[in-house]
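There are 2 protein chains.
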Amino acid sequence: MKQIIVLLFALHTFTAFAQGKVQWHDVTQWGVEGRGWGDQERAKWFDRFPAKAEKTVTKSVWSLSRHSAGMMVRFKSDANTIYAKWKVTSSRLGMPHMPPSGVSGLDLYARDSRGKWRWAAATRPSKQKMEVILLRGIKPGLREYALYLPLYNGTESLAVGVPADAKFERLAPRKSKPLVFYGTSITHGACASRPGIAHPAILGRWFDIPVINIGFSGNGKMHKEVGGLMIEVDAAAYIIDCLPNMNGAMVTERCVPLVQQLRKARPNTPIVLVEDRRFPNSWLVPEKSKFHDDNHAALRKAFKELQTAGVKHLYYVEGDPLLGDDFEGTTDASHPNDLGFLRQAEVFAPVLKRALKLE
Amino acid sequence: MKQIIVLLFALHTFTAFAQGKVQWHDVTQWGVEGRGWGDQERAKWFDRFPAKAEKTVTKSVWSLSRHSAGMMVRFKSDANTIYAKWKVTSSRLGMPHMPPSGVSGLDLYARDSRGKWRWAAATRPSKQKMEVILLRGIKPGLREYALYLPLYNGTESLAVGVPADAKFERLAPRKSKPLVFYGTSITHGACASRPGIAHPAILGRWFDIPVINIGFSGNGKMHKEVGGLMIEVDAAAYIIDCLPNMNGAMVTERCVPLVQQLRKARPNTPIVLVEDRRFPNSWLVPEKSKFHDDNHAALRKAFKELQTAGVKHLYYVEGDPLLGDDFEGTTDASHPNDLGFLRQAEVFAPVLKRALKLE
Numbered sequence: 001m002k003q004i005i006v007l008l009f010a011l012h013t014f015t016a017f018a019q020g021k022v023q024w025h026d027v028t029q030w031g032v033e034g035r036g037w038g039d040q041e042r043a044k045w046f047d048r049f050p051a052k053a054e055k056t057v058t059k060s061v062w063s064l065s066r067h068s069a070g071m072m073v074r075f076k077s078d079a080n081t082i083y084a085k086w087k088v089t090s091s092r093l094g095m096p097h098m099p100p101s102g103v104s105g106l107d108l109y110a111r112d113s114r115g116k117w118r119w120a121a122a123t124r125p126s127k128q129k130m131e132v133i134l135l136r137g138i139k140p141g142l143r144e145y146a147l148y149l150p151l152y153n154g155t156e157s158l159a160v161g162v163p164a165d166a167k168f169e170r171l172a173p174r175k176s177k178p179l180v181f182y183g184t185s186i187t188h189g190a191c192a193s194r195p196g197i198a199h200p201a202i203l204g205r206w207f208d209i210p211v212i213n214i215g216f217s218g219n220g221k222m223h224k225e226v227g228g229l230m231i232e233v234d235a236a237a238y239i240i241d242c243l244p245n246m247n248g249a250m251v252t253e254r255c256v257p258l259v260q261q262l263r264k265a266r267p268n269t270p271i272v273l274v275e276d277r278r279f280p281n282s283w284l285v286p287e288k289s290k291f292h293d294d295n296h297a298a299l300r301k302a303f304k305e306l307q308t309a310g311v312k313h314l315y316y317v318e319g320d321p322l323l324g325d326d327f328e329g330t331t332d333a334s335h336p337n338d339l340g341f342l343r344q345a346e347v348f349a350p351v352l353k354r355a356l357k358l359e
Numbered sequence: 001m002k003q004i005i006v007l008l009f010a011l012h013t014f015t016a017f018a019q020g021k022v023q024w025h026d027v028t029q030w031g032v033e034g035r036g037w038g039d040q041e042r043a044k045w046f047d048r049f050p051a052k053a054e055k056t057v058t059k060s061v062w063s064l065s066r067h068s069a070g071m072m073v074r075f076k077s078d079a080n081t082i083y084a085k086w087k088v089t090s091s092r093l094g095m096p097h098m099p100p101s102g103v104s105g106l107d108l109y110a111r112d113s114r115g116k117w118r119w120a121a122a123t124r125p126s127k128q129k130m131e132v133i134l135l136r137g138i139k140p141g142l143r144e145y146a147l148y149l150p151l152y153n154g155t156e157s158l159a160v161g162v163p164a165d166a167k168f169e170r171l172a173p174r175k176s177k178p179l180v181f182y183g184t185s186i187t188h189g190a191c192a193s194r195p196g197i198a199h200p201a202i203l204g205r206w207f208d209i210p211v212i213n214i215g216f217s218g219n220g221k222m223h224k225e226v227g228g229l230m231i232e233v234d235a236a237a238y239i240i241d242c243l244p245n246m247n248g249a250m251v252t253e254r255c256v257p258l259v260q261q262l263r264k265a266r267p268n269t270p271i272v273l274v275e276d277r278r279f280p281n282s283w284l285v286p287e288k289s290k291f292h293d294d295n296h297a298a299l300r301k302a303f304k305e306l307q308t309a310g311v312k313h314l315y316y317v318e319g320d321p322l323l324g325d326d327f328e329g330t331t332d333a334s335h336p337n338d339l340g341f342l343r344q345a346e347v348f349a350p351v352l353k354r355a356l357k358l359e
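Chain order of the listed sequences is D and R. Residue numbers for the first sequence follow this note's numbering, beginning at 1 and rising by one. Residue numbers for the second sequence follow this note's numbering, beginning at 1 and rising by one.
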C-alpha cells in the first residue's frame with residue numbers, strides 16, 4: 001500500500017512537472033525582503049551585502065554575508081499546490097548541530113483570514129538542487145504567502161511554482177523600514193530547525209515588517225565597517241546583538257563608537273543593545289558564567305555612558321532571560337534551539353514595541 | 001588567536017587521552033536505563049528489544065528497535081572534565097530534518113543542589129566513532145549525571161571518561177517502575193535537536209523515574225506483538241501514542257484489543273491513550289484535518305467502549321493542544337521541534353501525575 005502511495009505521488013509529481021503544467025516564477029524577477037542595499041551592485045543576486053562590502057568588511061564576514069539568512073519572498077496565490085525549486089551554493093547542506101531543513105531549506109508561511117502569519121510548510125533538503133512540492137491539497141482561496149530562504153547556505157536560484165491554471169501574484173518587497181539585526185551565529189540562525197523560526201524572522205512576522213538579518217557566525221563583533229553599511233539603511237530599528245562573539249574589553253572598546261556612528265548618521269533611529277544570553281550550563285562552569293558577567297557589565301556601562309552623553313532612542317535587552325529559565329533553550333549551550341528562538345523573540349518583543357512606538 | 005586556541009585545545013585533548021590520564025568506564029559494565037527486558041538474551045547490547053522479538057514483531061519494528069532511543073546512563077563524579085567515546089551502528093549520522101546532535105549524539109544532564117535535573121552538555125557528531133570532551137571547567141563538587149544515548153542510530157559502544165584522579169561512581173539503573181512509551185517517530189524522538197529533549201526523556205526527568213522508549217518511526221501501529229512484549233515490563237504506566245501512524249479504521253480495529261491485552265496481564269497498571277497531534281498546517285489542508293478528526297473520534301470511541309466495559313486505570317490525552325496554539329511546534333508539520341516536545345511534555349504531565357497518583 002505504502003509503495004502504491006509513493007508511486008502515485010511520484011507519478012503525480014512527474015506528470016505535473018513533465019507536462020509543463022506548473023507555472024514557475026523566478027523570485028529575482030520581483031525581489032525578496034531582507035536583501036538590503038538592493039539598488040547597489042552585487043557579486044551574486046542572493047548575497048546579503050552589496051559587492052563593495054568585500055573591500056571593507058573582514059574576509060569571514062564577507063564570506064558569511066553570502067548566506068541568504070533572513071531573506072523572504074512574498075506572493076499571493078489561490079493554488080491548491082505550491083512547488084519550489086532552488087539551488088544552494090555549498091554542498092554542506094547541514095551541520096552536526098543544525099539540520100539541512102534549517103541550513104539549506106525553505107520555510108513557508110501563509111496569512112490566515114485575520115491577517116496573521118501562520119506556518120504552512122518546510123523542506124527536507126537532500127541535495128544542492130531541489131525541486132519539491134511545498135504543500136498540496138490547499139483549501140480554496142486567494143491568500144498571501146511568505147517563503148523564507150536558507151539560513152546557512154548561499155542561494156544560487158529560487159523559483160516558486162503553482163499549477164498553470166492558478167492565480168499567482170508577485171508581491172514586491174514592502175517599502176516600510178526594516179528591523180536590522182546585526183549579530184552572531186544566533187542572529188544568523190543557528191540552530192533553527194527551519195528558516196522561519198530564527199528570532200529575527202519571528203519578530204518580522206509578529207510586527208509584520210521587513211527584516212534585514214546581518215548575523216555572521218563567529219564574526220558579529222561590532223565592526224565599524226559593518227556600521228558603515230548599516231547607516232545606509234533607513235531602518236525601523238538597529239538591533240546590535242554581538243556579545244556572544246566578543247568579550248568585555250572588546251565591548252568597552254567598540255560599543256560606544258558603533259552607536260555614535262549610527263546615531264550621527266541616523267539621529268532618530270532606535271538602537272537596541274542586546275546582552276549575550278547566558279549558556280544554560282554556565283551554572284556548572286564558573287569561567288563561562290564570569291564571561292557573561294563581564295560582557296553584561298561592559299554593555300551596561302556603555303549604555304549608561306551613551307545615555308549620559310545624551311544619546312536618545314536607545315534601548316536595552318537583558319541577556320539572562322533570553323533563553324528562559326529551564327536550561328532547555330539551546331542545542332549546544334551556545335545556540336538556541338527552536339524553543340530558545342521563540343523565547344528570545346518573546347523577550348525582544350516588548351522592547352521593540354517601545355522602540356517602534358507601538359504602545 | 002583562534003588557531004592558537006584550537007591548537008591548545010587539541011594539545012590538551014591529546015595529552016589527556018594519550019598519557020592515559022583519563023579513566024574510562026564502559027557503560028555496559030553497570031547498565032543503562034531505558035533498556036527493558038534487561039535479563040533476556042539480546043542480539044546487540046544496546047538494542048531496545050530482546051533477541052526473541054525478531055521472531056514476532058515486523059521487520060521494520062525490529063530494525064528500528066535497534067536504535068538506542070530513550071536509553072540513559074547515570075553516574076556520579078566530582079570531575080572537572082567529563083569525556084565520552086561512542087560508536088554508532090549506521091553512517092547515516094543525521095537526517096534532512098534532524099541534526100546529527102539528535103540522531104547520533106549524546107546529551108548530558110546533571111542534578112543541581114536541589115536535586116533537579118538541569119541540562120549540562122550535548123555533542124556534534126561528525127563521524128561514526130567519536131571521542132570528545134563533553135564538558136570542561138566544571139565547578140567542584142560530587143554530583144549525579146545522566147547521559148542520554150542517540151535517538152535515531154544504534155549504539156555500538158559507549159564509555160564515559162573522567163580524569164584519573166577524579167571520583168567516579170557507577171549508578172545502576174533504578175529499580176522503580178518505568179514509564180513505557182509505545183509510539184511512532186515522535187516518541188522515537190524526531191525531530192529533537194538532542195536526545196534529552198524528546199518528550200519521554202523530559203517526562204522521565206520531571207517525574208524522576210525511568211523511561212522505556214519504544215517509539216518506531218512510521219511503525220507505531222498498536223501491534224499485539226509489541227503488546228506481548230510490553231506486558232513483560234512491570235510499568236509505572238503504559239502510554240500508547242500510535243495514532244500518527246494509523247487511521248480511524250486501524251484504531252477501531254486495534255485499540256480495544258491492545259488495551260485488553262495489557263489489562264489482562266497487568267490489572268492495575270495505568271494505561272494512557274494519546275490522540276495524534278494536529279498538523280500545524282492542517283488549517284490549510286482540509287484532508288489532513290479530516291484525518292486527525294477521524295483518528296480522534298476513533299480513539300475517543302475506543303476509550304468510551306473500554307470504560308463501559310469496566311476497564312479501570314485508563315487515562316486520555318487530547319491531541320489538539322499537544323503542540324501549542326501558535327503553529328510553530330514542528331520542524332516539518334509531522335514532527336515536533338524542541339519547542340513542540342516541551343509543549344507535549346507539558347500536556348502529558350498533568351495526566352501522568354494523576355495516573356501515577358502523585359496528586
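Honestly, the hints are just simulated from the structure, not real lab data. Predicted model only: the values in this text are computed from it and were never measured. Check before you lean on any hint, since a few could be wrong.
[Claimed, not checked] When the alpha-carbon atoms are kept at most 30 Å apart in a straight line, the in silico DSSO-like pairs for lysine-lysine are as follows: (1) Lys-224(R) - Lys-312(R); (2) Lys-21(D) - Lys-177(D); (3) Lys-127(D) - Lys-87(R); (4) Lys-127(D) - Lys-127(R); (5) Lys-221(D) - Lys-21(D); (6) Lys-116(D) - Lys-288(R); (7) Lys-127(R) - Lys-177(R); (8) Lys-290(D) - Lys-127(R); (9) Lys-290(R) - Lys-116(D); (10) Lys-288(D) - Lys-224(R); (11) Lys-21(D) - Lys-55(D).
[Unchecked claim] Simulated coverage check for chain R against chain D, where a stretch passes if three residues somewhere in it have a Cβ under 8 Å from a Cβ of chain D: (12) 125-137; (13) 187-198; (14) 269-278; (15) 301-308; (16) 331-337.
Every residue gets a Cβ at the ideal spot worked out from N, C-alpha and C, and that includes glycine.
Structure-based check of all given hints:
1. Distance hint between Lys-224(R) and Lys-312(R) is fulfilled; the C-alpha atoms sit about 20 Å from each other, no more than 30 Å.
2. Between the alpha carbons of Lys-21(D) and Lys-177(D) the distance comes to roughly 38 Å, so the proposed pair goes past 30 Å and is violated.
3. With a C-alpha separation of about 26 Å, the suggested pairing of Lys-127(D) with Lys-87(R) holds against the 30 Å cut-off.
4. Note on Lys-127(D) and Lys-127(R): the hinted pairing holds, with a Cα-Cα distance of about 20 Å set against a maximum of 30 Å.
5. The hinted pair formed by Lys-221(D) and Lys-21(D) fails the criterion: a straight-line CA distance of about 49 Å is larger than 30 Å.
6. Between Lys-116(D) and Lys-288(R) the alpha-carbon distance is near 21 Å, which keeps this suggested pair within the 30 Å criterion.
7. Between the alpha carbons of Lys-127(R) and Lys-177(R) the distance comes to roughly 35 Å, so the proposed pair goes past 30 Å and is violated.
8. The suggested pairing of Lys-290(D) with Lys-127(R) is violated, with an alpha-carbon distance near 33 Å, which exceeds 30 Å.
9. Of the pairs offered as hints, the one joining Lys-290(R) and Lys-116(D) holds, with about 23 Å between alpha carbons and a cut-off of 30 Å not exceeded.
10. Restraint check for Lys-288(D) and Lys-224(R): not satisfied, since their Cα atoms lie roughly 51 Å apart, outside the 30 Å limit.
11. Our distance criterion of 30 Å between C-alpha atoms is broken by Lys-21(D) and Lys-55(D), whose separation comes to about 45 Å.
12. Counting residues of the segment 125-137 of chain R whose CB falls under 8 Å from any CB of chain D gives 5; the rule of at least 3 is met.
13. Note: the segment 187-198 of chain R has 4 residues with beta-carbon separation from chain D under 8 Å; the three-residue rule is met and the coverage holds.
14. Residues of the segment 269-278 of chain R with a Cβ under 8 Å from some Cβ of chain D number 0, which does not satisfy the need for three, so the listed coverage is violated.
15. Here's how the segment 301-308 of chain R fares: 0 of its residues keep a CB closer than 8 Å to some CB of chain D, so the rule of at least three is not met and the hint is violated.
16. Coverage of the segment 331-337 of chain R by chain D holds [criterion: at least 3 residues with CB-CB distance below 8 Å; count 4].
Of the numbered hints given earlier, the model fails hints 2, 5, 7, 8, 10, 11, 14, 15; all others are met.
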